[in-house]
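Trainee: Here's the letter readout for the chains.
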Amino acid sequence: MLAKKNFPGRDLLHLILQLPIILPPSVLGLYLLVGLGGSELLREAGFLFAFPAAVLAALVSSLPIMIQSTRAAFAGVNRETEEAALTLGRGPITVFLKITLPLARRGLLVGLALSCARALGDFGVTLMIAGNIPGRTQTLPLFIYSQVESINFARAHTASLLLIAVGVGSLYLVRKLEDGAHERLV
Amino acid sequence: MSDWFEAELRSEAGNFSLDISLSLNKEIGVLFGPSGSGKSLTLRCLAGLKTVRSGRILLEDRVLLDTRKSISVPPHKRKMGLLFQHLALFPHLTALENVRFGVNGGRREEIAREWLARVRLESHGNHYPFQLSGGQQQRVALARALAAEPRLLLLDEPFSALDGPLRRNLRRELRLLQSETGIPILYVTHQIEDLCALGDRVFFIEKGRITGSALVKDLLNGQKRFHFWNLMGWGNVFEGEVSYGEEGYPIFSWDSGRLLLKETEHTGPATAFIRPDRIRFLDPRYPVDSEIAPNKFSGTVEEIQMEGGIIRMQIMTPVGLWQVEQGGATTPARIPDIEEAVCFAVPPVAIELIFIKR
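First to last, the sequence lines map onto chains A and B.
For what it's worth, the working numbering labels the leading residue of the first sequence as 6, then goes sequentially.
For what it's worth, the working numbering labels the leading residue of the second sequence as 82, then goes sequentially.
The following block holds chain A by itself, in its conformation from the complex (with noise of 0.2 Å):
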């Protein structure tokens, strides 16, 4: 997050963050699986197979994405421009609210709408701690898994259809915004 702070461990956690990337999803279930299940109060609250394994998984698969837009959209806010507003007599919290926030915005909302398709598409890391019990955990990639399996292409083609509409819808609005960040800039 912090794109222009250095600070021990940084790279560490940086390559952490970004293990959901590379690492096969039924590595990354698993482990999580391993994880949460070895805990005596998530058993209880009954949270694995459940709603908030399925947001968990969705996070998961969805974050490095996120991480990475948002670094690369602070990382993109010219350093002179916070300085000098730094030498106005503002803040750093004034001067990241007003000046590098609105400046980084469309970066963000980039990355916003590239870990929304993320997270709905995904299907590894949902299927292996949250599972495929319809009506609760179900999300629409198990979905079409499903039909197919039962050999019902008619619905899978329909969900499909949905999830394709999402993401062309998203990709879409990515190049509509990386369009309008260039306009502006001096």
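Worth double-checking, as some hints may not be accurate.
[As the list claims (entries may be wrong)] Calculated cross-link-like contacts (lysine-lysine; reagent style DSSO-like; alpha-carbon spacing at most 30 Å):
#1 Lys377(B) to Lys343(B)
#2 Lys103(A) to Lys158(B)
#3 Lys160(B) to Lys150(B)
#4 Lys107(B) to Lys158(B)
#5 Lys131(B) to Lys103(A)
#6 Lys107(B) to Lys160(B)
#7 Lys103(A) to Lys160(B)
#8 Lys298(B) to Lys107(B)
#9 Lys160(B) to Lys131(B)
[Stated by the list, open to error] Covered stretches of chain B, going by a simulated chain A footprint (3 or more residues, C-beta under 8 Å):
#10 156 to 165
#11 171 to 183
These aren't lab readings, by the way, just hints derived from the structure by calculation.
We put the CB at the ideal spot given by N, CA and C, even for glycine.
Starting from the structure of chain A, add chain B where the hints point.
Mentor: Structure of chain B alone, referenced to chain A:
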């Protein structure tokens, strides 16, 4: 009398080391030196944007930095405005919002409008920076910096991207604003014109060290001016006279040499200053541009220094020793040897004149 502003800094950036001390009254100080001499770094250290290894900064009666007492006031509390070379206007805010950003107190809107009016941009308040011309952007940046009521304004060559007449206007405006507000200014430049037109006091900086300081009026007219020109150790300086030649063109002549000028408003005794990096090194095999042909000189290379991508040469000619710097796009195809016969030309636009009142 104690000075308004005193600073003493030591800092490092890569293998460059900075060791600076300067003091200023409520006046315009100019930090003058070639590119890469640490001018911008100095300003960043003063504004608190770059950490300093050791040093002390006093402004008015406040201690902004004292490394021995572990005092370091953060940039936003230093009350030091900094006008960047690239201005750093806020692209997502209008001119008025840009200026208003740094204004304190209740009547922020009103004060911001007043400042815009002062730089004659009252009708452009709703324009975004990208809708303004270069000169207008400069004025917004200046108004923004002054509206925050700094106790010292630092300027990092903000006019360097502008052409002649615009620069002159802005310089005049800056002087006017300075005398109205009384806010002292530390101005960084490598242009002698800026120095003479703006400064009350000049600090020469070279390779991260202050090599001397002087009052600008002494520099121009005083007895010791040759001493100061030497202190600068950079640039070609000739004392001579501007007149109209037989062909009706203005020329600058001294002891044994003469240079064709572009145009001039005055004639009479003057000092000509030619920046070494604006001299055109010529390849003897090719014909010379007719515009610069009258200002062609030949000589032999006395000394060569390579620094980064820049070649610095001392060339001895019948009309004296010249400093010539070539680098970047003007790098000669082959670096000449010591004692080699070479020729170079001085484009008339590269000659800066300072008229001396006698």
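Trainee: Does each hint hold? Answer for all of them.
Mentor: Against the structure, the hints:
1. For the hint pairing Lys377(B) with Lys343(B), the CA-to-CA distance comes to about 15 Å; that is within 30 Å, so the pair holds.
2. As the CA atoms of Lys103(A) and Lys158(B) are separated by approximately 18 Å, the hinted pair is consistent with the 30 Å bound.
3. Simply put, Lys160(B) and Lys150(B) have alpha-carbon atoms about 20 Å apart, close enough for the 30 Å limit, and the pair holds.
4. Between Lys107(B) and Lys158(B) the alpha-carbon distance is near 20 Å, which keeps this suggested pair within the 30 Å criterion.
5. Distance hint between Lys131(B) and Lys103(A) is fulfilled; the C-alpha atoms sit about 23 Å from each other, no more than 30 Å.
6. With a CA separation close to 15 Å, the supplied pair Lys107(B) and Lys160(B) stays within the 30 Å bound.
7. With a C-alpha separation of about 19 Å, the suggested pair Lys103(A) and Lys160(B) falls inside the 30 Å cut-off, and the hint holds.
8. At most 30 Å may separate the alpha-carbon atoms for a hinted pair to count; Lys298(B) and Lys107(B) meet this at roughly 16 Å.
9. A C-alpha spacing of about 16 Å is found between Lys160(B) and Lys131(B), which places the hinted pair at or below 30 Å, so the restraint holds.
10. For a cut-off of 8 Å, the count of residues in the region 156 to 165 of chain B with a CB near a CB of chain A stands at 9, and the three-residue condition holds.
11. Residue count for the region 171 to 183 of chain B with a Cβ under 8 Å from a Cβ of chain A: 5. That meets the three needed, and the coverage hint holds.
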